[in-house]
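Student: Based on the provided sequences and hints, a complete structural model is requested.
Chain by chain, the residues:
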Amino acid sequence: MNQLLRNLFIALALIFVFGACEKDNKPAPSAKLTGRVVYQDQAIGLRSNGVQLELWQHGYQLFTKIPIYVNQDGTFSASLFDGDYQLVRLKGNGPWVDNTDTIHVALRGRLELEVPVKPYHRFANVNFSQANKKVSSSFTVEKLDNSKSLERISLYIGTTVIVDPNNNIAAASIPASEVADLTKPLQLSVNVPTSFQGRDYVFARLAVKTSGVAEMLFSEPIKIMLN
Amino acid sequence: MQKISKSLFMFLVIFLMSGCAEDWLDRKPQNIILEEQVWNDPKLIKGLLANYYDRLPAHTSLTSGWAEFAAYDEAMWSNNDDGRNNIVSYPFNRWSLWEYGLIRDINLAIENIATFGTSLSAVQVSQFSSELRFLRAFVYFEMVKRMGGVPLVTKQLIYDFKGDPTNLQQPRNREEEVYDFIASELDDIQDKLGNEDSNTRANKYVALALKSRAMLYAASIAKYNNLLAEPIMTPGREVGIPAARAQDYYEKSLLASQQLLNSGKYRLYKTNPNLGENFYEAITKKTANPEVILAQDFLVSKDKRHGFTYDNIARNVREDNLSSSSITPSLNLVEDYEFLDGSPGILKTRTADNSDYIYYSSLSGPFENKDARLYGTVIYPGTSFRATPVEIQAGVKVWDETSKSFKNVESNVLGSTYDDGGLLTGASGPQRSQTEVTNSGFYLRKYVDQTAMSSTRGIRSDMWWVRFRLGEIYLNASEAALELGKTSEALEYVNAVRERAGFGANSLKSLTLGRLQNERRVELAFEDHRVWDLMRWRKAHEIWNGDASNPDAVINALYPYRVVRPGHPTHGKYVFDKLRAPRFRAPRFFQMGNYYSSIAQSIIDNNPKVVRNPYH
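Protein chains in written order, with our numbering: chain A, 1 to 227; chain B, 1 to 616.
Keep in mind the hints are simulated off the structure, nothing from the lab. Every residue gets a Cβ at the ideal spot worked out from N, C-alpha and C, and that includes glycine. It cannot be assumed that every hint is accurate.
[Said to hold, decoys possible] Not everything, but these chain B residues come out facing chain A in the computed CB check (under 8 Å):
{"id": "1", "residue": "GLY65"}
{"id": "2", "residue": "ALA229"}
{"id": "3", "residue": "GLU542"}
{"id": "4", "residue": "ASP547"}
{"id": "5", "residue": "ALA548"}
{"id": "6", "residue": "SER549"}
{"id": "7", "residue": "PRO587"}
{"id": "8", "residue": "PHE589"}
{"id": "9", "residue": "GLN591"}
{"id": "10", "residue": "GLN601"}
{"id": "11", "residue": "ILE603"}
{"id": "12", "residue": "ASP605"}
{"id": "13", "residue": "PRO614"}
{"id": "14", "residue": "TYR615"}
Tutor: Dropping the structure here:
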């Protein structure tokens, strides 16, 4: 009797362990959407975890957006199911001119997408140098759209490749009032704080703030050797 | 014999079948209260009202969302878990509120009193419906300050089951329409409310207090939103009040405040000659308090109580073996309390040329001659709670003769003794990494109950939550008067509040908005004002800009040390280190999309006429 119960119990346990979770699992999303936010084929530098694109899909009961966060180098990716989606550039969200035209995304397996935007400003001829634990930069700012004005330009340095107003060890800014002429090269420099001067390197990045737009546009982070 | 039993049987049958037929079917149900019963019985209606008062939303109060006091710049979180010290950015739905459940209940009550309340007197009907309309105005104010304009629903919506709900889908009203609705409702009901001597139910003065606050919010949004480089608004003005309305709203707010102040019904609490204790009592004393206009009351003996004291009492005076020390005020707040001579409240811990410490002979030295409201709000080093000293000392600084500098000695044992027999680390910390002990070097006093045993889980506290008090009305009046260019009147109001704090009469001779903003910060700390004030002045995104190098966006701490330098005049004195609070991680980051909270997609799906707020 005991033997029988035990066998029964083992059999039940086996059925439970091997049989249980077959039906209630759905396949994982296998399709992949990747892409970049670009202007004239150049990816746009952003704040990490700051800017979001929206993906919508009609035809299902639960209608809610799928937020896609854009990385600081302007790339994004999302794991999805095959289907037809609509991608929207959220108004007032990124450092570019509002454009609410919907982009249709027909996703079958894999898709690489370029999301075109028109920034208000961008950097050109960016150069960094370092001397006596002071990071200096020279650059020009190009104005691409006249509807909004420049607010300030900032230089950030940080210990990792993620550098922005939230992740930095030191920063310097010039307000728009001190920028007389955007066609001429500009300079910004910042001292490496004493407690970080023993490091071998820091990362430096420039940002331009357009007034009335919360997010800034960044240059590429550059590794700068301190020794 | 058989005959008798037969007739007895017949009798029984007849008795059973016919007996209580009438009563049986017409009995009143024991477990259901009918509409006619509720709306004709003032006691039952009061019971319902109590339920509605209790459900009034608050972002932070003693019971709902109290922990969020530690999510801004008034305080940090020193209990377990670091969520509130590490908010990378405030989510867009953080303040979302779509409280149509309560609105519907109130609308239903207003309609049912009119329909069923036949045996109530006309005065009772008008009083109860006015009180309900006050509650509805309060809820709409809570919604409009978070969401911008919301649909103004003032009667119950009934679905006809014909498959088309579009007639129930109301679009959002404009933001100014909601504020205008609140003003006109309050004007209409204020003389019908009754409850003259209550400070837990709405009366005429409570209506004026709400009007004073709501109109001030509307006015400052109208003014400061339009001063932004890019004003926040939607095309249909569901969000964004035209700048031209500012003047009108400021005037309405000032008038309501003046009516309240001139009524003579309320006075600033000035009973205790000890000004610090007096300010603590002004908010927390539940009897003979002429300052409190409306409060949410609690009572231990009726099991209406809360654990706010259990969670926030200073460590070495706690009576339970768990929790304590959750909300610990920041050095940022402490330094915003001015010195009584009117100089800025920055604590002097280093000599002017920053070459050496300033040595104090007592732990409370740096706080001498501070605004008395600091004592009433914050427990700082060298002060007591419930007559027990709260020992706040981080460690000792031992002089090292060879390197000519101090060496810090700190212990992770609270209340430990140093080699010289003196105190090493205080029984209330601060501690750099322990939980349930302050990390900022301060403890909360305001709203923490002095009653014995109120910090135990078994008994808990019945401290009340003040929704409106006269101190705020003075500051509302001052701000509205200042914005209207009536500076001398504004000075009169703000100086009344400052005089109570120990500044002497007419302490301010000139006034700026910045000064007044600071006055609100220190007077109304931990009363659910800070985040809303910064939002309506459109300053939140500048002060909490997420920049680690911005001192306003991070939480700073103050750690006191005892000096060990035998044979030197500084031996046994106290020095103070200012530092970034060790457990504080991400700087506060408020984005433009936070000014109006996001509306959940499910709401938009149910009612496509609802437009989204800007930036999300």
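Student: Could you run down the list of hints and mark each one as holding or not?
Tutor: Right, here's what the structure says about each hint:
1. GLY65: With a minimum Cβ separation of about 25 Å from chain A (threshold 8 Å), the hint on B:GLY65 is violated.
2. ALA229: holds (4 Å)
3. GLU542: violated (12 Å)
4. ASP547: holds (5 Å)
5. ALA548: holds (6 Å)
6. SER549: holds (6 Å)
7. PRO587: Interface hint status for B:PRO587: holds (7 Å vs cutoff 8 Å).
8. PHE589: holds (6 Å)
9. GLN591: holds (5 Å)
10. GLN601: holds (4 Å)
11. ILE603: violated (11 Å)
12. ASP605: holds (5 Å)
13. PRO614: Given a least distance of 6 Å, the restraint on B:PRO614 holds.
14. TYR615: holds (5 Å)
Checked against the numbered hints listed earlier, the structure breaks hints 1, 3, 11; every other hint is satisfied.
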